[in-house]
Structure formats: structure tokens, C-alpha cells
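Colleague: Sequence:
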Amino acid sequence: MDWETIIEEWAVGKLTRKAIAEAIRLGRHEALISHTPELMQETARS
6 MDWETIIEEW AVGKLTRKAI AEAIRLGRHE ALISHTPELM QETARS
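Numbering (the working numbering), first residue to last: 6 to 51.
Read the hints as simulated data drawn from the structure, not as lab findings. For each residue, glycine too, the CB sits at the ideal point set by N, CA and C. Check each hint, because a few of them may be wrong.
Unchecked claim - Simulated DEER-style distance windows between Cβ atoms: (1) Glu9 <-> Glu35: 22 to 32 Å; (2) Glu9 <-> Ala49: 39 to 49 Å; (3) Ile11 <-> Glu35: 12 to 22 Å; (4) Gly32 <-> Glu9: 12 to 22 Å; (5) Trp15 <-> Ile38: 15 to 25 Å; (6) Ala36 <-> Glu14: 17 to 27 Å; (7) Gln46 <-> Trp8: 33 to 43 Å; (8) Trp15 <-> Ala36: 16 to 26 Å; (9) Arg50 <-> Thr10: 37 to 47 Å; (10) Thr10 <-> Arg33: 31 to 41 Å.
Turn these sequences into a full structure, and let the hints steer you where they fit.
Modeller: Structure (C-alpha cells):
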């Protein structure tokens, strides 16, 4: 999904690229923290 589509669909132009980028960064961080035990188990099996 491109930046313009995200901005249009989520806040009718009220979201900035910086805000979207920060949300993506935080989401990745949260996903990594949430799935670290699973990732470590997979790594140990490899």
C-alpha cells in the first residue's frame, strides 16, 4: 500500500508520513517482542 492510499483511507489526509512511519516502526518492535520466544525456539532447532 502506498503512502497516499494509507493517508487517504485512515484519516482523510490528517496523518503525516512521519506518523505512519512511526506506527509501522512501533508495530514491528511490538511484533518482535511478542514473537521473540518463538523465534528463539526456531533458531535453536536450526
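Colleague: The structure should be examined with respect to each hint, and the outcome stated for every one.
Modeller: Verification of the supplied hints:
1. Roughly 25 Å separates the CB atoms of Glu9 and Glu35, a value that falls within the hinted 22 to 32 Å.
2. Restraint check, Glu9 to Ala49: a C-beta distance of roughly 43 Å satisfies the suggested window 39 to 49 Å.
3. A C-beta distance of roughly 18 Å is found between Ile11 and Glu35, which places it inside the suggested range of 12 to 22 Å.
4. Look at Gly32 against Glu9: about 20 Å separates their beta carbons, and that is inside 12 to 22 Å.
5. Separation of Trp15 from Ile38 is about 24 Å and conforms to the stated range, judged on CB atoms against 15 to 25 Å.
6. The given range of 17 to 27 Å is respected by Ala36 and Glu14, whose C-beta atoms sit roughly 22 Å from each other.
7. A C-beta distance of roughly 36 Å is found between Gln46 and Trp8, which places it inside the suggested range of 33 to 43 Å.
8. Roughly 19 Å separates the CB atoms of Trp15 and Ala36, a value that falls within the hinted 16 to 26 Å.
9. Arg50 and Thr10 have their C-beta atoms about 39 Å apart, which keeps the hinted 37 to 47 Å range intact.
10. Checked against the hint of 31 to 41 Å, the C-beta distance between Thr10 and Arg33 comes to roughly 20 Å, which is inconsistent with it.
The structure shown violates just one earlier hint, number 10.
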